[in-house]
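Enquirer: One-letter residues, chain by chain:
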Amino acid sequence: MTVKLKYAFQVDGIDYTSEDSELDGRQVRSKSGHDPAANYVLIEIHDRYTTSVGLEDPVDLTKEKPIYRSFESDREYTFTVENLGWIWGAAKIAEIDVRTIGKIAADRDIVIEVVGGGEIVVPRGGEIDLSGKGVERIYSRKVVGPAKIHVTFVINGEPTKVEGKPNDQLVKLLEKALKDSENTGQPIGSWQVTDEPGNVLDVTKTLLELGIHEGAILLASLKAGAAG
Amino acid sequence: MQTADPAVSRLKFEREVGYLREIEQTLVSRGIWIMSAEFPVVKVAFATVNLRPRFVPFAVKVDFTDYDALPLAITFVDPFDDHELLPSEMMTRLPRVMQPGPAVPTEGGGGMVLIQQVVELYQSYPQHPGAPGFLCLPGTRAYHAHPAHSGDPWELHRAGGEGKLFALLDIVWRYGVASVDHIQVTALNFGLGHSQVAA
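The listed protein sequences correspond, in order, to chains A and B.
Under numbering that gives the first Met the number 0, the first residue of the first sequence carries the number 0, and numbering increases by one thereafter.
Under numbering that gives the first Met the number 0, the first residue of the second sequence carries the number 0, and numbering increases by one thereafter.
With the rest of the complex left out, here is chain A:
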């Protein structure tokens, strides 16, 4: 019995297979439902950089599974990230995409160098506008933030201010806040910390990892005791 090999590729996070080991850019678009193919820009994600795949460009599926992103567009935007050439198919790119594809660590800020001088730190969760003339070079650098972050813990309703370093675990600040506010009657595991909207925070993570900024308000409350 002959078993036909299947070759895999991924577009926009979805895996597709092909019995042909070699396709072209047009076929990748069509097989992933992007028709008419000419209406889409196809970007291949490499290790820390991206390239564009033209309609007639050959695509070799015999090596590592290629990863693509598609954009309904006829324009491409070129720039560099950490001195590597990137091409993107939309006028905006999410900060998280630059961080993920560029393998930029959480303790580094992403910075845009603007033509004519100056630079802009891209906020976490933000976007970079590639459509202007200014954006050409994107790079990262160690977070230049305040040496200390001041946080207000509202413990059982009572506000208590504490300070910590960006790389401190949240639990360390919680311990200090509980001690300062004399809430020492319960083990630390009995407390739950939420941000202002009410999302439960993992206290083993650092302030940096949690995106806790200067002046943040965190609410600490006791988990419900046994009931019934």
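The reader is advised that the hints may include incorrect statements.
Unchecked claim - Using 30 Å as the maximum straight-line C-alpha spacing, the simulated DSSO-like pairs for lysine-lysine come out as follows: (1) Lys-160(A) / Lys-11(B); (2) Lys-178(A) / Lys-11(B); (3) Lys-164(A) / Lys-102(A); (4) Lys-62(A) / Lys-102(A); (5) Lys-102(A) / Lys-91(A); (6) Lys-222(A) / Lys-178(A); (7) Lys-60(B) / Lys-222(A); (8) Lys-30(A) / Lys-64(A); (9) Lys-222(A) / Lys-11(B); (10) Lys-64(A) / Lys-91(A); (11) Lys-42(B) / Lys-160(A); (12) Lys-147(A) / Lys-171(A); (13) Lys-147(A) / Lys-160(A); (14) Lys-222(A) / Lys-42(B); (15) Lys-11(B) / Lys-175(A); (16) Lys-30(A) / Lys-62(A).
Keep in mind the hints are simulated off the structure, nothing from the lab.
Mind docking chain B on chain A? Use the hints.
Expert: Here is chain B on its own, set in the frame of chain A:
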């Protein structure tokens, strides 16, 4: 009748309500509204911010009479006309998903299964449908006054913070409205659906 020194209860009322006032914007963004606060009662309404359209399914009245010689007394009321809600009028039972216990063998003995228990923090007496329900939680007057909890006196909890105004409101919010994200409609009933909130 107040039996503890009213000045003490009033001081604690003003302090604990004052703390809430300091974070009022945060509380409002969570759907917790202080409707009135005049000693000895603070009335707080709860809204479902994660559900559109938004509902205000209930309010609680927290009575500081004799606090903290006695724990706070909490009643669930209609936010608009103040009448105490009957179990049939409560759109949620404040469900709380408990941590599963150790795995137990299945009936046929073929495997192990984890049993997850859901505890309703709002409890009532099914045999007395005309009697309002109550928040069954350490730190509340209803809990510690209940004969079934005579072995778990208020004095064991008073210093630990469980019975503070914020702590109790936070639990009512977390299990009562924060997790509500859909409406359940049946031929006979209309209720609020919760996503699961772990203990």
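Enquirer: Hint by hint, note whether the structure agrees.
Expert: Hint by hint, here is what the structure shows:
In summary, the hint linking Lys-160(A) to Lys-11(B) is supported, as the alpha carbons are separated by about 21 Å, within the 30 Å threshold. Between Lys-178(A) and Lys-11(B), the direct Cα distance comes to roughly 21 Å. Compliance with the 30 Å bound is thereby established for this hinted pair. Of the pairs offered as hints, the one joining Lys-164(A) and Lys-102(A) holds, with about 24 Å between alpha carbons and a cut-off of 30 Å not exceeded. Simply put, Lys-62(A) and Lys-102(A) have alpha-carbon atoms about 22 Å apart, close enough for the 30 Å limit, and the pair holds.
Restraint check: the Cα-Cα separation between Lys-102(A) and Lys-91(A) comes to about 19 Å, which is no more than 30 Å; the hinted pair holds. The suggested pairing of Lys-222(A) with Lys-178(A) holds, with an alpha-carbon distance near 18 Å, which does not exceed 30 Å. For a cut-off of 30 Å, the pair hint linking Lys-60(B) to Lys-222(A) stands: about 21 Å separates their Cα positions. Between Lys-30(A) and Lys-64(A), the direct Cα distance comes to roughly 15 Å. Compliance with the 30 Å bound is thereby established for this hinted pair.
For the given pair, Lys-222(A) sits about 22 Å from Lys-11(B) by alpha-carbon distance, which is consistent with the 30 Å threshold. A C-alpha spacing of about 26 Å is found between Lys-64(A) and Lys-91(A), which places the hinted pair at or below 30 Å, so the restraint holds. A C-alpha spacing of about 28 Å is found between Lys-42(B) and Lys-160(A), which places the hinted pair at or below 30 Å, so the restraint holds. For the hint pairing Lys-147(A) with Lys-171(A), the CA-to-CA distance comes to about 14 Å; that is within 30 Å, so the pair holds.
Restraint check for Lys-147(A) and Lys-160(A): satisfied, since their Cα atoms lie roughly 13 Å apart, inside the 30 Å limit. Note on Lys-222(A) and Lys-42(B): the hinted pairing holds, with a Cα-Cα distance of about 23 Å set against a maximum of 30 Å. Using a Cα cut-off of 30 Å, the hinted pair Lys-11(B) and Lys-175(A) holds, with the two alpha carbons roughly 24 Å apart. At roughly 19 Å between alpha-carbon atoms, Lys-30(A) and Lys-62(A) fall within 30 Å of each other, so this suggested pair holds.
In terms of the numbered hints stated before, the structure departs from none.
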